[in-house]
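A.B. asks: These are the residues of each chain, in order.
There are 4 protein chains.
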Amino acid sequence: MGGHAVDSDTVFSNYQAVTSKTFVVSLMCEFIGVMVFTFLGSTVSDKVFGPWVNGLALAIWIYTAANISGGHLNPAVTFSTLICGFYPLIHSILYIFLQIVGAIFGALLVAALIPDAHVSMGDGAPGCFDNTVIGKGLTHSQLFGWEVVMTFTLISVVYACGVAKPGHGSFTPLVVGLSLVACAGTGGKWTGAALNPARVIGPLAVFKCGNNVAYIYILAHLLAAVLACSIFAFVSGWGPLSPFQSMKQLGLSWNEAVLMWITGSPPKRFQDNDEQNITDVLAKQAKQQEREEAEEDGLPVHKDQA
Amino acid sequence: MGGHAVDSDTVFSNYQAVTSKTFVVSLMCEFIGVMVFTFLGSTVSDKVFGPWVNGLALAIWIYTAANISGGHLNPAVTFSTLICGFYPLIHSILYIFLQIVGAIFGALLVAALIPDAHVSMGDGAPGCFDNTVIGKGLTHSQLFGWEVVMTFTLISVVYACGVAKPGHGSFTPLVVGLSLVACAGTGGKWTGAALNPARVIGPLAVFKCGNNVAYIYILAHLLAAVLACSIFAFVSGWGPLSPFQSMKQLGLSWNEAVLMWITGSPPKRFQDNDEQNITDVLAKQAKQQEREEAEEDGLPVHKDQA
Amino acid sequence: MGGHAVDSDTVFSNYQAVTSKTFVVSLMCEFIGVMVFTFLGSTVSDKVFGPWVNGLALAIWIYTAANISGGHLNPAVTFSTLICGFYPLIHSILYIFLQIVGAIFGALLVAALIPDAHVSMGDGAPGCFDNTVIGKGLTHSQLFGWEVVMTFTLISVVYACGVAKPGHGSFTPLVVGLSLVACAGTGGKWTGAALNPARVIGPLAVFKCGNNVAYIYILAHLLAAVLACSIFAFVSGWGPLSPFQSMKQLGLSWNEAVLMWITGSPPKRFQDNDEQNITDVLAKQAKQQEREEAEEDGLPVHKDQA
Amino acid sequence: MGGHAVDSDTVFSNYQAVTSKTFVVSLMCEFIGVMVFTFLGSTVSDKVFGPWVNGLALAIWIYTAANISGGHLNPAVTFSTLICGFYPLIHSILYIFLQIVGAIFGALLVAALIPDAHVSMGDGAPGCFDNTVIGKGLTHSQLFGWEVVMTFTLISVVYACGVAKPGHGSFTPLVVGLSLVACAGTGGKWTGAALNPARVIGPLAVFKCGNNVAYIYILAHLLAAVLACSIFAFVSGWGPLSPFQSMKQLGLSWNEAVLMWITGSPPKRFQDNDEQNITDVLAKQAKQQEREEAEEDGLPVHKDQA
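Protein chains in written order, with this note's numbering: chain A, 267 to 572; chain B, 267 to 572; chain C, 267 to 572; chain D, 267 to 572.
Isolated chain A (complex conformation) (with noise of 0.2 Å):
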């Protein structure tokens, strides 16, 4: 196939020892686009290009970080993955941590190349989710829905494209961006459409914005991640990491099971070297198993078959 196309492992569950230098550059990708992103989408001051401002930047470094760091990009779809038994809690946490500085680093920038931001100028600054950006008559609760109803699109859309199988491959990025704008396009006028705490989280500690409100959008994104989550599951199965799936799958104990979970590392009983990862397992138990049944139908088997 010749690289063409994004395996739909790589996008959103992919990921790779703590130690390893891949590690380290997913943490650089996660910092470096949830900072473009956050710079970008906050200086969009215009009614007509605000959605697409941010729903195609988003896009564009999902794509740009999609075989690195699998392009989470937000707290929310981390934390969501880590929840469904996608990704371990330690990367969990280390991506978590990185969106966040990454989204205060594109405030500071949106600070630097504003005329006329500067930093701690409370409510009204560019990128702020706060009381200016909320629509009139619009209620707390009903804040809150919004914000559930539309990071549960773009959860469910993470999870249907870039982590089922057969997912949609090299589109996913597209389509996560496009439910940013669908969403934003409508959403924008009654809450800002954060649909991602590092969004919320990155201007408030800048310019000292919207602490009255922060907690509603985070919390919100936060139920939506565990309602996506709920529905994959149902639908799909947890992943591989859940411990509900690797006692049954593998066969482990609930300590080895939660211990998996948190560090990613299969026991060492299923490993042929420190560094493999529960796909690396899964995938060579598969390949084992697609041998045997091909023996056994007498056919000849092919090393790189596509």
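You may find that some hints are simply not true.
[To be verified] Just a few of them, taken from the derived set where beta-carbon distance is under 7 Å, the chain D residues facing chain C:
1) Thr309
2) Ile326
3) Ile356
Just so you know, these hints were derived from the structure itself, not from any lab.
Just so you know, even glycine gets a beta-carbon here, dropped at the ideal spot from N, CA and C.
Using the hints provided, position chains B, C and D relative to the given structure of chain A.
C.D. replies: Just chains B, C and D now, with coordinates in the frame of chain A:
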């Protein structure tokens, strides 16, 4: 191929036994998809993003549902695939029922999350297709004509991209969504651009709006469904469940053929087990035939060629 | 690969024997496609969606027609593929005729479904290219220049994505549509952005508008068709029907070569049966050659590799 | 696979011997592409379509040029691939020269086809980057910062989608174009969103505009090119022409390595014939290695495995 592309069969013409978990999940998908699509599409109030939010929300929810339910999300699409022989009657009735319930819940969500909106508020409520959205001077016949042309466009895209072979794989949901953007971009100002009976019935049930014109929209959608199916049947032939096709292809009696079109299950003599549907049966036959041809040619056979 | 991608051959350079059912269906596709494209593109009246409706309506109808008629939908495209040797003369004449008839029916649909529009209403009718859409101060030479540059862009995209190998498969219809969006987004305010003789002739025939400038548009489209073909022939060589190519490649006499360019049928001695076209003949030769090379290398040959 | 997807190698990092016809054609492609891109992008005057026309015109011309010249269309991209070791020095100089000449001809076309535009009209001419497009209150440092961030985004997308393996195949031109849409959608009102030295130099040469700020734009583009290359080299390693890489990979001396980076031709001892470039040499080595491994495993080898 690593599962990164939707098989043409899957989109819009895939179905499972009514009693299978997959089918229950499919119904859930249609319900959630239409609910959120209706919510996002109904709440957009400005002229600049109306067509985009509707088209992109449709596209992303078809992407999300495509590999599970086929991503119909529209009773006119389901009705068309039913009469063309791609979807069984029982399945279609349940799909259409869930799509309409989804649209009603979507309209309820609108009532809950938009300030000043409330149940039974009548014409002019968000998402309604009533005299307040119909263009000045447009006659009822012209309203009917516009909705026929636009819905015919949308369903033709569904057939050409998602049912015909070769189709356009993972492009299909995007192209269907863009066809709604194109139609709503011009027809929106004349009819509001429904193209979907559920989108008409949902708000009507919740807000009591558009009572006097709803039937025009719905009849137009059904006529467009028949037109698109007729042309597709002329171009590419009937679907495998159509009695015209199954009597010829499998040698069924008229009664057997009609029963299969109703239930989706081929007569027992074609099935190895209870849950096999017509696609499985035809695939088995095709595989058998391919194997025979290969043996004649004396060539090696690959178990899982791409 | 499961048929989910358009083969580059199919898009824009596929054709069948004039007497085949496929060819009749192709003509029907060109007719319906141009009709609805003209209708949707003519009725959009606001500046914000004009380029989008035109570009997306073109894209979705090329998607719909691509695997049947090749999705020309534009006499300038057909004319260019004719002179470049990708499409036979008889087929091209019939395509262009049906495209123009489609555009006329599209304009009639406009007259029927837009309040206040009526046949023979003259300049200013919806979808017309006349002095009411030509930008203030634009000379006839500048009008000509704009349409040449824009149409050249559109046809170059057709060649590079849909005729050249490797091309861009199922991206092609989208890219062609986006090229119309880009051109109409800037040139729309100067010329109305026709890029298609049928779009000029259809409204002219129905509404009697633009009589004094139609020839400028059409000549510009034809010149752009010649320019795009010239550059493509320089870059990638003539098409297989071009006498320059077929005399060299198949060793035909001048008379045989011209006859093949007119009818699309290779001389009898190259055909196994009556309906084989040049693509089939060349594919047969290529397969034969591949088989010979494989035998030389002593490698196994796969019947249906990918 | 039928040639319907761009190989990741082809886009942005493909090159041919300077003396080959393909290279002449590549230069022509870069010239025409930048010319029409400059023309379309310069003439769009309304705020609603500015970012779209620029981004989509870039996307479609990259699609058109991708399989021939690699679709650079931007001296900053060429410069970045040069210093990162993906493009030879001689080729890069000729590319950049033709891109600038293309932009000048594009600006001349603007002067010819826009009423009231004329050569040497100074600041405010269509397509100029001068004080009339720079946002009120923006300092020169902020102008520099904006162009660095935006150009860095565009070139990062080029690397991640079109140079890295696995990349995103035929999605690449679209994603690059959308990155320009996203950047211009917000940065357009501050800097005009050039992201491309040729787009600055072309109008400057023809209209004599922006003399006092052009150097800021161009230095920003070059810095962004270096930044994007540095990060890519850290993440994925240097390109095959970089002396750092070729000394290690092919065991070249420093002089040989530098000569190869300048000319693009590997030392004679690695070539079977005069026109082989580094990609051919590496592909030959990879094939050789694959063959040896297959023989060790005792598995059959396929000649043209997808």
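A.B. asks: For every hint, state whether the structure bears it out.
C.D. replies: Hint-by-hint comparison with the structure:
Taken as an interface hint, Thr309 of chain D checks out: its beta carbon lies about 5 Å from the nearest beta carbon of chain C, inside 7 Å. For Ile326 of chain D, the interface hint holds, the least distance from its beta-carbon to any beta-carbon of chain C being 4 Å, beneath 7 Å. Against a cut-off of 7 Å between C-beta atoms, the interface hint on Ile356 of chain D is violated, since the closest Cβ of chain C lies about 22 Å away.
Going down the numbered hints, you'll see the structure goes against just number 3.
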